Structures are given as C-alpha cells and as structure tokens.
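Novice: The lines below spell out each chain.
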Amino acid sequence: MTGRRDITLTINGLKHNVAVEPRRTLADVIRDDCGQTGTHIGCEHGVCGACTVLLDNEPVRSCLMFAVQAQGRAIRTVEGLQQGDKLHPVQEAFMRHHALQCGFCTPGFLMLAVGVLEKRQDLSDDELVDLLSSNLCRCTGYENIIKAVRAAAEDMKVRS
Amino acid sequence: MKPASFTYHAPQSVDEAVALLTKLAPDDGRILAGGQSLVPTMAFRVARPAHLIDINGIAALAAVSQGEVMSIGACVRHAAFEGPVANGVTGALLSKVVPNIAHYPIRTRGTFCGSVANADPASEWCCVMAALDGVVVARSERGTRRVPAAQFYQGIMTTALNEDELIVAAELPALPEGTRCGFAEFSRRKGDFAIAMALVTYRLVNGKISDARIGIGGAEPYARRISEAERLLQGQAPGADVFGAAAEAAAAAVDPLEDINYTAGYRRSLVRTMTQRALESAE
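For the record, the sequence lines run as chains A and B. With the working numbering applied, the first sequence covers 1 to 160. With the working numbering applied, the second sequence covers 1 to 283.
Keep in mind the hints are simulated off the structure, nothing from the lab. Check before you lean on any hint, since a few could be wrong.
Said to hold, decoys possible - From the structure, some residues in chain A lie toward chain B, with a derived Cβ separation under 8 angstroms:
id : residue
1  : Arg61
2  : Met65
3  : Gln69
To be verified - Quick list of in silico lysine to any residue cross-link-like pairs, SDA-like style, CA-CA up to 20 angstroms:
id : chain 1 : residue 1 : chain 2 : residue 2
4  : B       : Lys2      : A       : Thr37
5  : A       : Lys119    : B       : Val85
6  : B       : Lys96     : B       : Ser71
7  : A       : Lys119    : B       : Pro99
8  : B       : Lys2      : A       : Asp33
9  : B       : Lys2      : A       : Arg24
10 : B       : Lys190    : A       : Asp130
11 : B       : Lys208    : B       : Asp259
12 : B       : Lys190    : A       : Ile146
13 : B       : Lys96     : A       : Gly35
14 : B       : Lys96     : A       : Thr37
15 : B       : Lys190    : A       : Leu128
16 : B       : Lys190    : A       : Asp125
17 : B       : Lys23     : B       : Pro11
18 : B       : Lys2      : A       : Gly3
19 : B       : Lys190    : A       : Ser133
20 : A       : Lys15     : A       : Gly35
21 : A       : Lys157    : A       : Cys139
22 : B       : Lys190    : A       : Asp33
23 : B       : Lys2      : A       : Cys43
24 : B       : Lys2      : A       : Arg31
25 : A       : Lys119    : B       : Val98
To be verified - Computed, partial: chain A to chain B, Cβ under 10 angstroms:
id : residue
26 : Pro22
27 : His45
28 : Val60
29 : Val129
This one's a predicted model, so the numbers in the text were calculated from it and none came from an experiment. Glycine included, every Cβ here is placed at the ideal spot set by N, Cα and C.
Model the full structure from these sequences, guided by the hints.
Specialist: Pasting the structure below:
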C-alpha cells in the first residue's frame, strides 16, 4: 500500500501509535507524528548525522530508514538521555567542556557517543576522532566535542 | 528531499521475497536491504521505485556461516565484521577492511551484499569480492545461480544480476592460515568514497611469494584483479624492489576513471601508492 499503515513506535520506552505512509522516514515520523523534536534533521541524505538515534542501542541515521521498518524496535532519542533531574554523563560532559555552540548538531553527537560509550569506553584517540568524524558540526566545535566525549568515556568507565 | 510514494512489502521468507520480486520487478519493484545507498538516492528522487520489498525481516538471511567458504547472508551488516563474527584469515581481512566503509552509524545498517549489488566503483566489499574471487549467490523463481565476481561486475553500478534475482548470499574463500593480507585506500575525507584502493594477499612458501592476489578498486568502473602485477610477485622474496615493481605494473595496467576532481594520471598514481602500501603493510 502507498496508503497509511498503522504502526507502533517505541521511543524511550513509550509507545506511539501512528498511521504513516511507507515513504516517511523514521526521522520525520519521530518529529512530526510522535512530537519528539529533539532529533534534528539536517541534510536528509545520511551525511550530517544530526538525526542519529539509537535503534536497539546501535546508532543509526534516522533519515536513512523508513518509519515502518522501526516497528517493534527500541528507539532511543535525546529526550530519553536525562533520568529525572540527572543528565546523562555525556550531556554533563558536553556542558562542562562547552561542546556546543548553536546546538543543532548536538542531539546527533550525543546519541552517537552514547551508543558507542555504553558498549565500550576504552577508545583510543584515533578511534574517537574516527567515530566522531561521522557527524558534522557547522560551528566547527570539534575540539571541544572530542574533549567532552573523551571526558564522558572516563566518567562512564569509573561508574561502570 | 522526501522520497516519493511506494508500496511497501515485508516478506518473512526468501521464497516469499523472490515471488514478490518476480511479480513486481517489471513494475519497478526493488529490494530494500540496509538502504544506506538506496534511501538517499530516493530522497534526491533519482530513484523512485514503485514497490520496495524489504528483506530485513527474513531471519534466514542474517547469518554468516563458515566452512571451506564463508557465506555472508544478504542482511549481514557491515558492522558485523567489526566484532568476532568471522574466524580465520578471511575474517581478519574483513575486520581490517571494514573501518574504511563510510562511518559507524552507516555500517550498523548497510549490508555486505547490498554493497555487492550496488556495485559502486569505490565499494570496499566489491574490491574484496574481486580480489578473492568471491561468488554471488542469486535466487529467482527460475532457481539459484552462482556468479563469480569476475563475471558479476560489468560497469559502473552495473552487474550481471537479472531484475527478478535476489542476492541471498555472497561467498568468499577461507584463505589458508598464514596468508598475509594488506589493504590501503585513499579518500579526501574520512568515510568518503575512495579514489583508489588496493587489497593484496599472498602466502610465503620457503620464503617466496605464492598465490599472490592484487585487487584494485575505486580507480576503474569496477574492481578487478590485476594479473600483470600479481605475476611479478610470484616466486619472489618479499621486499621493497619487488613490491615497487608490482605497484608500478598495477598503475600501468589500470584504465582509470576521470572526473572533474581527479584526472586519470592522478588516479593511476594513487593506484601505485595504494598497491605499494598494501603490500608493505600485509601481515
């Protein structure tokens, strides 16, 4: 059907029942139908990484998959990082190290870093730069983003 | 930047997918696997398939099996090879190559077989398939066809796959223990399309090179083995002179692509350097 399909998306543990056309990307549906506008849309063709979300805990470009494909998968977005009053260690580190200027790219960088650091914190400097080269920041605040993610990795290593 | 409408199909078995493809291919039906090339192409509306047959729900296509050959199912993601999914020399080679493919969040979705089918000249997996003489396993309602890489690739993003055929797996030989492998590529930005790449493997028998393979990708319309360069390695002791001669032969043998950014001469020069680096770094 090119018509709408009824799907249930689970975003940060909450179920959203929506009716969407198959052509709608996951990024658009997360924002427009589920109202979770923390996920940003930049280039819409997989280059910039602003729309990065976690799908079953793996970072993916939400503009490069269709919402109908995400049914039954656990989606995590930037809105799900903070627990109560407590920021996620990666969010804290971004504040501490001034890792954002305009903030447009920040949700994507946060989800990218969270997705990888939750699995391993022992990234070498080269691996870290390599990982972060995935996403674009037009304020070119890369140095502070690298510092923040490095600090968050240390912090999460201590806590785990 | 929004894809055009299409009808979505989510088969749960290979038979169901192949039946749908047979029916829908003449009506511009296409397979959707990882979608990391297809979806951006649809966002630009360069591609406007009327039907998408999403094979991601087919559990039988999600596995890597290993024996005399390594069989990589159609839904195995690039990122699978960053972990211990595959053993032996071939597994180690794939782990060496995989960080060069795009970026991590692309590798978590994109698939090995999708890259093979897309046949981009700069695809690392296409270079692996060519260098190791991999085999594409294609299913249709007419049966199963096994196409060697050397016959599969026919031009830029052009393959021997028929429109009603689904790639169910790609097969790679299990390279013998002790085989040395090296890979090198050059691109202007990390994760960007490579302008040239070289993949080399060889064994040492009594200190002399045997079973040399040199695959070159990115430089020509499709990746292929360069026999002129392989011949120069055969029976020689590894060393700077021999590697230099093979790299020179590879550069002379290719007929490089030219575009607004890169001349044929520049690509030829990169083929020389990448071949040299792949040979020197082979371990």
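Novice: Next step is simple, just say for each hint if it's right about the structure.
Specialist: Results of checking the hints against the structure:
no. : hint                 : in the structure
1   : Arg61                : holds (5 angstroms)
2   : Met65                : holds (6 angstroms)
3   : Gln69                : holds (6 angstroms)
4   : B:Lys2 to A:Thr37    : holds (18 angstroms)
5   : A:Lys119 to B:Val85  : holds (17 angstroms)
6   : B:Lys96 to B:Ser71   : holds (18 angstroms)
7   : A:Lys119 to B:Pro99  : holds (17 angstroms)
8   : B:Lys2 to A:Asp33    : holds (16 angstroms)
9   : B:Lys2 to A:Arg24    : holds (8 angstroms)
10  : B:Lys190 to A:Asp130 : holds (7 angstroms)
11  : B:Lys208 to B:Asp259 : violated (40 angstroms)
12  : B:Lys190 to A:Ile146 : holds (16 angstroms)
13  : B:Lys96 to A:Gly35   : violated (41 angstroms)
14  : B:Lys96 to A:Thr37   : violated (38 angstroms)
15  : B:Lys190 to A:Leu128 : holds (13 angstroms)
16  : B:Lys190 to A:Asp125 : holds (15 angstroms)
17  : B:Lys23 to B:Pro11   : holds (13 angstroms)
18  : B:Lys2 to A:Gly3     : holds (16 angstroms)
19  : B:Lys190 to A:Ser133 : holds (7 angstroms)
20  : A:Lys15 to A:Gly35   : holds (12 angstroms)
21  : A:Lys157 to A:Cys139 : violated (29 angstroms)
22  : B:Lys190 to A:Asp33  : violated (34 angstroms)
23  : B:Lys2 to A:Cys43    : holds (11 angstroms)
24  : B:Lys2 to A:Arg31    : holds (14 angstroms)
25  : A:Lys119 to B:Val98  : holds (19 angstroms)
26  : Pro22                : holds (4 angstroms)
27  : His45                : holds (4 angstroms)
28  : Val60                : holds (5 angstroms)
29  : Val129               : holds (8 angstroms)
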